[in-house]
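Chemist: Start from the sequences and build out the full structure, keeping to the hints where you can.
Under the working numbering, the first residue of the sequence shown is numbered 1, with each subsequent residue one higher.
In short, the hints are calculated from the structure, not lab data. There could be a bad hint or two in this list.
[Claimed, not checked] Straight-line C-alpha distance at most 20 Å; calculated DMTMM-like pairs for lysine to aspartate or glutamate:
1. LYS16 x ASP76
2. LYS16 x ASP78
3. LYS16 x GLU192
4. LYS16 x GLU6
5. LYS159 x ASP191
6. LYS16 x GLU93
[Unchecked claim] Pairwise CB distance ranges, derived in the manner of DEER restraints:
7. GLU192 x GLY80: 34 to 40 Å
8. THR209 x PRO248: 14 to 20 Å
9. MET139 x GLU93: 33 to 39 Å
10. LEU221 x MET139: 18 to 24 Å
11. GLU253 x LEU221: 16 to 22 Å
12. GLU253 x GLY205: 37 to 43 Å
13. ALA279 x SER73: 24 to 30 Å
14. PRO175 x THR209: 37 to 43 Å
For glycine and all other residues, C-beta sits at the position ideal for the given N, C-alpha and C.
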Amino acid sequence: MSPASEGRWATLPAGKTWYQLAGPESGPPVVLIHGFSVPSCVWDGTFEHLAEAGFRVLRYDLYGRGRSARPESPQDCDYGLECYVRQLHALVEAIPLRQPLGIVGLSMGGPIAAAFAGRYPQRTRAVALIDPVVAGVPMDWKARLLALPGVGEWVLCFKGRQVLSEGLRHDFYRPERMPSSLPAIYRAFMDEGFFRAIHRSVRMGMLGTHEEAFLALGRALVPVLALWGEHDATVPPQQAEVLRMLVPHVTVEQIPEAGHLPHIEQPERVHPLLSRFLAP
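Modeler: Right, here's the structure in full:
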């Protein structure tokens, strides 16, 4: 395995994107797309495992998250699905990664992976989904406040760190399995631009229903694997039935003793499944 880069920035049309590559340059490329708020550090173990397995692995921060730019103009990025598909396409062209991609999308990264594969099937080798947002994230009244103009910004400004940190703990079936360093890394990127991006993503429906994206994935006819934590309280595993209707050829595997982040809680189950599925 070649050592991982320390991280680089690609200058893309909507702003700089931070990314990291690992694994042999000749290996089949795999892209890891993180979810709603925790940036690419959520992939630490998976990134290392796939690189050691011989894949050329790319992970990156979505706009508004982690080290990537926080575009202010909606013309540059409205923090909706279209913006994130454009970001991924521009990034793999800029690096460049020429071979067809294996794409792994976590949570909100699921519809991004699906929409990319639907638009660029010739650039896609396979799509793996981990607890993807298919039919929307169930929200209580507090969460629904985030979508309200003015109110959502106020809540995030004054309570964002607390609300999102509690949400991260909620993502684990057994919170003691959460890596001790993850909360601090997560909070380190919570600046004003991050909260603005989170609010806009909610308003743009990124936690809502993504029927068109998954129908497009179904039409692309690339291999699709979905892994779901048995105890996911963020995106309930019952959404797998909706996914099956939209992508009839999907293979669904339920991961026991895991919540919304099964690749962290049960890596010994998830990583071999990913390695086998993503192999060309």
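Chemist: Going through the numbered hints above, which ones does this structure break? Give me the numbers in ascending order.
Modeler: Hint check: 7, 10, 12, 13 and 14 fail, others pass.
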